[in-house]
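Asks: Below are the chains, spelled out letter by letter.
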Amino acid sequence: MIGSLPVLAGMGNELRGDDAVGLLVLRAVRLMAPDAGRYVELGDDLARLLDEWRDAPVAVVVDAMAGGGHPGQIHVLADPGAAEASAISAHGLELSTIIGVGVELGRSPRRLIILAIEGDRFGLGEAMGPGVAAAIAPAARLAYNLLTSIARTADAGASSGTT
Amino acid sequence: MSPGKVSVPVLARLEGEAALDLKLRGGRVTDLTLRVYEPPRLFEPILVGRDMRDAPDITARICGICPVAHLVSSCNALESACGATIPAEMRDLRRLLYCGEWIESHVLHAFLLHAPDFLGLDDVLQIARTHRELVEKALRLKKLGNDIVAAVGGREIHPINVKVGGFYRVPAAAGLKALLPEIEWGCDAAEELALFTGTLPFPDFEQPYAFAALRDPDRCAIEDGLVATSFGPTFPPSEYEARFREEHVGHSNALHSVTASGEPYQVGPLARYTLNSAQLGDRCLSAAAAAGLGPECRNPYRSITVRMVEVLYACLEARRLVAAYVEPKHPSVAVHPAAGTGCGCSEAPRGVLYHRYRIDGRGRIESVQLRPPTAQNLRTIESDLRALAPTLADSPPAILARQCENAVRNYDPCISCATHFLTVRVHRE
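Going line by line, the protein sequences match chains A and B.
The first sequence begins at 1 in the working numbering and counts up one residue at a time.
The second sequence begins at 1 in the working numbering and counts up one residue at a time.
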């Protein structure tokens with residue numbers, strides 16, 4: 001049910017090299033733990049997030065970024081504001097915009113974590129680079145740990161709040 | 001006015017990347033170029049040598065906003081090449097899928113990208129703050145479109161259920177019928193949002209457009225049809241390239257389309273409305289009239305209202321099609337490859353999308369031609385800007401640039417399809 005489960009969202013374009021990493025991390029986690037949360041594959045339509053992550057205890061969003069860092073380097077942004085998130089790659093309505101709209105409309109997750117993975121090959125039809133490919137497994141473990149540990153904390157918090 | 005130039009380096013709230021360079025001298029436009037600098041995407045050569053059955057899914061990847069349009073135009077063309085006849089129930093399912101795409105694409109553009117222009121707001125963040133109820137309604141309506149696409153197409157973005165000859169699997173009747181209450185809500189919401197757009201302040205900017213849109217004698221053309229124009233006879237898709245030619249222009253990676261006589265023309269909501277409004281039905285026509293539209297519309301700023309009238313039509317069509325839906329016995333008909341050429345069109349949210357394939361006797365693709373609606377509209381967008389710019393010549397550069405952006409946004413251009421899109425520079429000499 002929407003709102004009660006943690007959400008893992010993967011963003012990207014599978015036809016643009018390193019940009020596919022968000023989707024591949026999501027699929028790796030889903031394979032590892034199919035019931036750990038709701039899995040949302042995102043292409044161009046990020047507005048879906050406003051429904052998918054609404055009131056979720058935690059949403060982890062994984063995407064590629066072009067920040068000039070070492071390919072495969074993983075950045076963790078905890079509860080970013082709209083401006084902080086704007087460094088992440090854009091797909092139509094940018095993630096930063098969606099975060100802002102979510103705040104305005106009260107359609108945000110309780111915690112939002114962004115895993116941004118540095119890439120440098122984004123051309124149409126390019127293969128994923130080795131540095132980014134090597135980051136898939138550690139990013140998947142990190143995403144899974146964040147998803148489950150924060151959700152547990154949120155559950156505990158919710159429980160303690162009601163006693 | 002002093003001579004000079006104005007530059008708008010990036011046009012915002014458009015799909016893709018492009019720029020506008022504008023030179024003005026004494027209030028007169030001396031040069032104007034809409035530069036599409038996104039590199040060519042080369043989908044056509046990618047398809048050459050592949051099996052024809054690959055074409056719908058590959059071309060659908062051109063765009064995340066209008067994949068249904070590419071799926072359907074591609075299938076229409078290939079089925080025509082092979083002489084296949086698609087049963088009415090398959091055509092209806094494609095029409096329903098298309099209704100979902102019209103709803104999600106139009107609502108996204110109208111309320112998250114276009115409406116801020118008329119309300120003096122910068123973006124969707126501001127409109128979410130000032131018109132929360134409106135944006136909530138738009139988001140729910142957009143989700144309805146996504147749900148329809150997912151129910152028929154298998155998933156919301158890049159649906160995977162369409163094939164040459166029909167579908168891979170027919171949707172379960174129970175799943176579709178479960179959408180009816182939300183579709184019913186969608187009809188009312190679309191009507192309300194269309195009426196809201198009629199209250200927006202529109203500039204007086206009627207232009208003498210030449211229009212082209214598909215036409216079906218029995219209903220508003222969406223998933224296929226003949227090509228009707230405001231300037232000549234109706235013709236089949238097989239004559240498209242003879243009636244409309246493409247020109248390379250130095251400043252754009254997207255080709256410009258013009259009529260055979262070299263004139264710009266327009267496809268999309270205004271063309272569909274002006275050529276086919278009589279087929280919209282009483283409820284849509286009443287909403288259109290209440291929102292300030294006559295039987296024709298030649299003011300591009302009012303395209304936001306036309307889009308919402310089309311959303312209402314799509315919701316009503318979805319309700320009719322779902323209510324009448326009975327699972328077909330077979331998801332598709334056999335299509336046997338036959339050497340030849342096939343042309344197909346459908347009405348993408350932004351206008352007529354044309355595909356043409358030549359295949360050999362084994363179904364191997366030998367040549368491809370794709371004409372997305374945004375590329376067909378580029379020359380007309382430039383014409384609008386040429387007409388608009390002199391009226392703003394004395395405005396500060398920031399105002400002028402913003403007004404130019406607004407004029408471009410009237411077309412909801414999809415540069416991903418045209419090859420991608422906008423940056424604006426205005427030069428005053």
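It should be emphasised that the hints constitute simulated quantities derived from the structure, not laboratory data.
Note that the structure is predicted; figures quoted are calculated from it, not measured.
The C-beta atom is built at its ideal place from N, Cα and C for all residues, glycine as well.
Any given hint could be a false lead.
Derived pair list, reagent style DMTMM-like, types lysine to aspartate or glutamate, alpha-carbon separation capped at 20 angstroms [claimed, not checked]:
no. : chain 1 : residue 1 : chain 2 : residue 2
1   : B       : LYS143    : A       : ASP55
2   : B       : LYS163    : B       : ASP57
3   : B       : LYS163    : B       : ASP21
4   : B       : LYS329    : B       : ASP51
5   : B       : LYS329    : B       : ASP54
6   : B       : LYS143    : A       : ASP45
7   : B       : LYS143    : B       : ASP188
8   : B       : LYS143    : A       : GLU14
9   : B       : LYS143    : A       : ASP44
10  : B       : LYS143    : B       : GLU89
11  : B       : LYS177    : B       : ASP147
12  : B       : LYS143    : A       : ASP35
13  : B       : LYS143    : B       : GLU184
14  : B       : LYS177    : B       : GLU89
15  : B       : LYS163    : B       : GLU327
16  : B       : LYS143    : A       : ASP120
17  : B       : LYS143    : A       : ASP51
18  : B       : LYS177    : B       : GLU327
19  : B       : LYS143    : A       : GLU94
Per the computed footprint, the stretches of chain A lying under chain B, defined by three or more beta-carbons under 8 angstroms from a beta-carbon of chain B, are [stated by the list, open to error]:
no. : stretch
20  : 28 to 40
21  : 95 to 101
Asks: Confirm or reject each hint.
Replies: Hint check results:
Between B/LYS143 and A/ASP55 the alpha-carbon distance is near 17 angstroms, which keeps this suggested pair within the 20 angstroms criterion. This hinted pair checks out: B/LYS163 and B/ASP57 have alpha carbons roughly 8 angstroms apart, not beyond 20 angstroms. Using a Cα cut-off of 20 angstroms, the hinted pair B/LYS163 and B/ASP21 is violated, with the two alpha carbons roughly 42 angstroms apart. Between the alpha carbons of B/LYS329 and B/ASP51 the distance comes to roughly 27 angstroms, so the proposed pair goes past 20 angstroms and is violated.
Straight-line distance between C-alpha atoms of B/LYS329 and B/ASP54 comes to about 25 angstroms, which puts the hinted pair past the 20 angstroms bound. Between B/LYS143 and A/ASP45 the CA atoms are separated by roughly 11 angstroms; this keeps the pair inside 20 angstroms, and the hint holds. The hinted pair formed by B/LYS143 and B/ASP188 meets the criterion: a straight-line CA distance of about 15 angstroms does not exceed 20 angstroms. For a cut-off of 20 angstroms, the pair hint linking B/LYS143 to A/GLU14 is broken: about 24 angstroms separates their Cα positions.
Taking the CA atoms of B/LYS143 and A/ASP44, the gap is near 14 angstroms; set against the 20 angstroms cutoff, the hint holds. Taking the CA atoms of B/LYS143 and B/GLU89, the gap is near 25 angstroms; set against the 20 angstroms cutoff, the hint is violated. Restraint check for B/LYS177 and B/ASP147: satisfied, since their Cα atoms lie roughly 12 angstroms apart, inside the 20 angstroms limit. Between B/LYS143 and A/ASP35 the CA atoms are separated by roughly 25 angstroms; this puts the pair beyond 20 angstroms, and the hint is violated.
Of the supplied pair hints, the one linking B/LYS143 and B/GLU184 holds, its CA atoms being roughly 14 angstroms apart against a limit of 20 angstroms. The straight-line distance between the Cα atoms of B/LYS177 and B/GLU89 is roughly 16 angstroms, inside the 20 angstroms bound, and the hint therefore holds. Distance hint between B/LYS163 and B/GLU327 is fulfilled; the C-alpha atoms sit about 17 angstroms from each other, no more than 20 angstroms. A hinted pair counts as satisfied when its Cα atoms are at most 20 angstroms apart, and B/LYS143 with A/ASP120 does not qualify at roughly 33 angstroms.
Pair hint B/LYS143 plus A/ASP51 holds up; C-alpha atoms about 9 angstroms apart against a cutoff of 20 angstroms. Our distance criterion of 20 angstroms between C-alpha atoms is met by B/LYS177 and B/GLU327, whose separation comes to about 11 angstroms. As the CA atoms of B/LYS143 and A/GLU94 are separated by approximately 18 angstroms, the hinted pair is consistent with the 20 angstroms bound. Taking a C-beta to C-beta cut-off of 8 angstroms, the stretch 28 to 40 of chain A contributes 0 residues in contact with chain B, too few for the three needed, and the coverage statement is violated.
Look at the stretch 95 to 101 of chain A against chain B: 3 of its residues bring a Cβ nearer than 8 angstroms to a Cβ of that chain, three or more, so the hint holds.
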